[in-house]
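At position 77 of the sequence shown the residue is numbered 76 (numbering that gives the first Met the number 0), and the sequence of numbers has no breaks.
It is worth saying that the hints were derived from the structure and are not from the lab.
In this text the structure is predicted, and so the values were computed from the model without any measurement.
Some hints could be false.
[Unchecked claim] Below, a list of computed lysine-lysine pairs in the PhoX-like style, where the Cα atoms sit at most 25 Å apart:
hint, residue 1, residue 2
1, K14, K123
2, K74, K46
3, K129, K119
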Amino acid sequence: MDIEEFARTSRLTRKILRWMVRKKVVENPLTEEDLAGLRLLEKIWGKSEMIRLQLAKYSKARRLQLLTSPDFETKWERYAYTRFSNLESGVRLPMKQLINELELTFGFIFTRPHIKRLYKVKQKVYNKRKAIAKSDMLGV
């Protein structure tokens with residue numbers, strides 16, 4: 000059985016299963032041993048008691064950071080997020096300039112999917128800024 004087939008009937012999503020394959024936690028196709036482990040994991044997945052125990056080892060600041068900051072898979076996404084986040088209010092960063100900077104820094108040419116992803120990263124920063132501004136306006 001492969002991870003796509005397993006995900007159709009599982010509480011574990013394809014994204015989680017693909018992450019597990021990338022990190023070599025399980026194989027694709029799944030072995031009998033992998034299936035047994037995943038069935039066990041399904042029983043406790045998402046249970047508040049388990050989540051609470053896992054998060055207890057982190058400081059309050061780190062827990063807040065986990066909740067509020069997006070999880071990016073690549074260094075260039077984190078770099079772009081930081082660049083957008085560190086801009087002063089009202090300052091613009093042209094996308095072409097950032098793409099050139101990223102291509103020089105990370106040594107590869109950005110394709111259309113990379114550029115689409117970059118726009119999503121930019122949108123996450125602006126959404127976060129809007130939420131902060133809104134909460135400041137409401138006095139929260």
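Straight-line alpha-carbon gap K129 to K119, limit 25 Å: Holds, at roughly 15 Å.
K74 and K46 were given as a pair; does the straight-line alpha-carbon distance stay at or below 25 Å? 31 Å, violated
Given hint K123 paired with K14 - CA-CA distance at most 25 Å: Measuring from Cα to Cα gives roughly 19 Å; hence the hint holds.
Checked against the numbered hints given earlier, the structure breaks only hint 2 and satisfies all the rest.
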